[in-house]
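**Q** Each of the two chains sits in its own frame; use the hints to bring them together as a complex.
So the chains spell out like this:
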Amino acid sequence: MPHINFNNDFPGIRSAMAYSPETAAPMGVLAEILLRSEDGLSRAERELIGTYVSYLNDCFYCNHSHGAIACIYLDGDNELVEQVRKDYSKAPVSDKLKSLLAIAAKVQRGGKNVTTADVELAKEKGATDKDIHDTVLIAAAFCMFNRYVDGLATITPTDMDSYPLRAKQIVDNGYGNHVFTNKQPT
Amino acid sequence: MAHIQVEENIPGIRSLVLFRPETGKPLYDLAQVLLRGPSSLSEAERELIAAYVSYRNECIFCMSSHAAAARCLYGPDKNLVDEVLHDMQQSGVSDKLKALLHIAGKVQVLGREVTPEDIAAARVLGADDREIHDTVLIAAAFSMFNRYVDGLASFTPTDLAVYEAMGERMAKGYVLPASPEPK
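In order, the protein sequence lines correspond to chains F and E.
Going letter by letter, the first sequence gives residues 1 to 186 in this note's numbering.
Going letter by letter, the second sequence gives residues 1 to 183 in this note's numbering.
Calculated from the structure, these hints are not laboratory results.
No experiment lies behind these values; they were computed from the predicted model shown.
A portion of the hints provided could be inaccurate.
As the list claims (entries may be wrong) - Within a straight-line C-alpha distance of at most 27 angstroms, the following computed DSSO-like cross-link-like pairs (lysine-lysine) qualify: (1) F:Lys-106 - E:Lys-98; (2) E:Lys-106 - E:Lys-78; (3) F:Lys-125 - F:Lys-98; (4) F:Lys-130 - E:Lys-25; (5) E:Lys-25 - F:Lys-106; (6) E:Lys-25 - F:Lys-112; (7) F:Lys-168 - F:Lys-125; (8) F:Lys-106 - F:Lys-86; (9) F:Lys-112 - E:Lys-106; (10) F:Lys-106 - F:Lys-130; (11) E:Lys-172 - E:Lys-78; (12) F:Lys-96 - F:Lys-86; (13) E:Lys-172 - E:Lys-98; (14) F:Lys-123 - F:Lys-112; (15) F:Lys-123 - F:Lys-106.
What the hints assert, rightly or not - Using C-beta positions, here's what the derived DEER-type ranges look like: (16) F:Asp-39 - E:Gln-32: 20 to 28 angstroms; (17) E:Gly-37 - F:Asp-58: 26 to 34 angstroms; (18) F:Asp-75 - E:Lys-172: 48 to 56 angstroms; (19) F:Glu-124 - E:Pro-157: 26 to 34 angstroms.
Positions of the beta carbon are idealized from the N, C-alpha and C atoms, including for glycine.
Isolated chain E (complex conformation) (with noise of 0.2 angstroms):
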């Protein structure tokens, strides 16, 4: 049960946007100018930094849910989402995606991890500085969803199909939940 008296069986993030509208706007904003919004990296590649850095955050809701956004938009080559979950390293994603994958996991750890040396390393294999600004803030931002969904204990659906429903609603785009009709 969440910590504070939200709408029951609405999972994750939307039962505590529907509980503070007037912050889950801005929240909802962020989500869709930071994974939706002009960027050359791709959706499916913002989607994949996201669902990593909830991964390494333990956010089970978050983590599953920008996973099956990221399945849903890799389409055929969804399979480079549960290889970069199991070990980022080892997976199948470009060097240069690993480059920003490995500064987004020490800004999950802590902004000053991040070293020089692994500014370098990502310019080396072609990030931009776009893309090493858009790769901070995505890992800072779910350092936030995380501990917000988290920290209010909000509903955490355990069937993989509802993930799979809500990765396709996702796909499409960040739009404030409307309240439910008054009962």
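Next comes chain F alone, as it looks inside the complex (with noise of 0.2 angstroms):
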């Protein structure tokens, strides 16, 4: 049970951004650009940063919602996604990406962990400024949203077959207020 009453029967993050439509907007805006900007890293790589983090933050609802929504991206490779929570190193993904997943478990234990050979690794494999800063960012941001989703212990459905629906919600329309607006998809 929830540990406030959001007047609502969404579940994981969309109730709590039902409750709270002001501080809901400015979360979406920052989802909508950090996971769907297509400038250096492609949607799928960010989905996959969001997931890992949301994994290692134990975030049931984050990690299978964005993990959901990546495996969109990646063309249903469900397998994809499930090697990068297990263990991204044996991952058949590229070198500058396991660099940036290895940047987001630091900044996941805490900000001071990443350290100038992480970042020039991630240099030398071909990530620019703008990566590093977006993958810090990211992973900083599902430290939040992971924790207001367990924070206050939102719904997480059972049904798995409720996320792709959602998934497809979140890769058709984006990210913004209408996850809680519009009706739940079925």
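**A** So this is what it looks like as structure tokens:
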């Protein structure tokens, strides 16, 4: 049961955002730019970083929601999403993305863990300053989203078939207040 | 030196939002609505929650700047800020605020750490749903801001006077800094 009365029965972050649309608005804009910008990192790469950080933060709702979104961008390759969660160093992703996932994992534990050597390695593998910036901010933002979702004990759907439906809604329409003003997909 | 090429001598998050104003705008908008928007928690109390979480995350820049903003907003009671940062449970803030700071401290560790007992304890002391929501989101947001500032190794001034001036400016609200004039 959620820690507060949201006056709605939306799942996960949607319930908290519907409860507080004033704070939801900038969070939706932030997610839209960070996860759907195609400047440098692809949408699939951005969602994989968000999924991985949510996995590390043990946030079931965000981990599976963003994993399902990444899966759509990866043409249904759920196995790759799972490999990134379990051991990205062995996953068939670029060395550049591996070096960025390493930075994201450091950020998840605390910003100061990111070293000059981590950043140098990512640059050597082709990451630009903007790629590094976006990776750090995606990882940091998921440290917020995950805590918001679990800190209020929002409802986590146990029906795994519902995750791809909500994921498609995001892939089709982006992030923003429509996720809690429109009817939930069934 | 910062991990990425940002404007030199501009401290903390300001240098980062100038590097990427597209993300800077919603970050400043979020800070403004969370810390200055309508709430039954005072602006001083909300800044104190932010400073407390930043202290626990060992983010010197965010802790020093938000503590300075909280001191400014608390005015004659500004010593409360340093009391909370020294020993929250022994500080002179209300029992209700202590219960909310306790929840914020749990969120700083991880969302799941917050128990129904923590929530019940805050309610007994008068906290309502909105205040619990705002506390959790402030703590969560600073778990982001702190990591953003330190994860990119942005410039952290060591001169305390710099933070005092920053706190006075922050007390008036959060507005995305304008890009410096091209040289």
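**Q** Would you mind marking each hint as holding or not holding in the structure?
**A** Evaluated hints:
For the proposed pair F:Lys-106 and E:Lys-98, the alpha carbon gap of about 31 angstroms is over 27 angstroms, so the pair is violated. Between E:Lys-106 and E:Lys-78, the direct Cα distance comes to roughly 25 angstroms. Compliance with the 27 angstroms bound is thereby established for this hinted pair. With a C-alpha separation of about 9 angstroms, the suggested pairing of F:Lys-125 with F:Lys-98 holds against the 27 angstroms cut-off. With a C-alpha separation of about 16 angstroms, the suggested pairing of F:Lys-130 with E:Lys-25 holds against the 27 angstroms cut-off.
Only pairs whose Cα atoms come within 27 angstroms are accepted, and E:Lys-25 paired with F:Lys-106 is accepted, the gap being roughly 25 angstroms. Distance restraint check for E:Lys-25 and F:Lys-112: the Cα-Cα separation of roughly 24 angstroms lies within the 27 angstroms cut-off, and the hinted pair is therefore satisfied. In summary, the hint linking F:Lys-168 to F:Lys-125 is not supported, as the alpha carbons are separated by about 32 angstroms, beyond the 27 angstroms threshold. Distance restraint check for F:Lys-106 and F:Lys-86: the Cα-Cα separation of roughly 16 angstroms lies within the 27 angstroms cut-off, and the hinted pair is therefore satisfied.
Only pairs whose Cα atoms come within 27 angstroms are accepted, and F:Lys-112 paired with E:Lys-106 is accepted, the gap being roughly 20 angstroms. Straight-line distance between C-alpha atoms of F:Lys-106 and F:Lys-130 comes to about 18 angstroms, which keeps the hinted pair within the 27 angstroms bound. A C-alpha spacing of about 17 angstroms is found between E:Lys-172 and E:Lys-78, which places the hinted pair at or below 27 angstroms, so the restraint holds. Between the alpha carbons of F:Lys-96 and F:Lys-86 the distance comes to roughly 18 angstroms, so the proposed pair stays at or under 27 angstroms and holds.
For the proposed pair E:Lys-172 and E:Lys-98, the alpha carbon gap of about 25 angstroms is at most 27 angstroms, so the pair holds. For a cut-off of 27 angstroms, the pair hint linking F:Lys-123 to F:Lys-112 stands: about 19 angstroms separates their Cα positions. A distance of roughly 16 angstroms separates the Cα atoms of F:Lys-123 and F:Lys-106; the hinted pair therefore holds under the 27 angstroms criterion. Range check, F:Asp-39 to E:Gln-32: about 26 angstroms between beta-carbon atoms, so the 20 to 28 angstroms window is met.
In this structure the supplied range 26 to 34 angstroms holds for E:Gly-37 paired with F:Asp-58, their Cβ-Cβ distance being about 30 angstroms. Distance hint check for F:Asp-75 and E:Lys-172: the Cβ-Cβ separation is about 50 angstroms, which falls inside the suggested range of 48 to 56 angstroms. Under the hint 26 to 34 angstroms, the C-beta atoms of F:Glu-124 and E:Pro-157, about 31 angstroms apart, fit the expected range.
Of the numbered hints given earlier, the model fails hints 1 and 7; all others are met.
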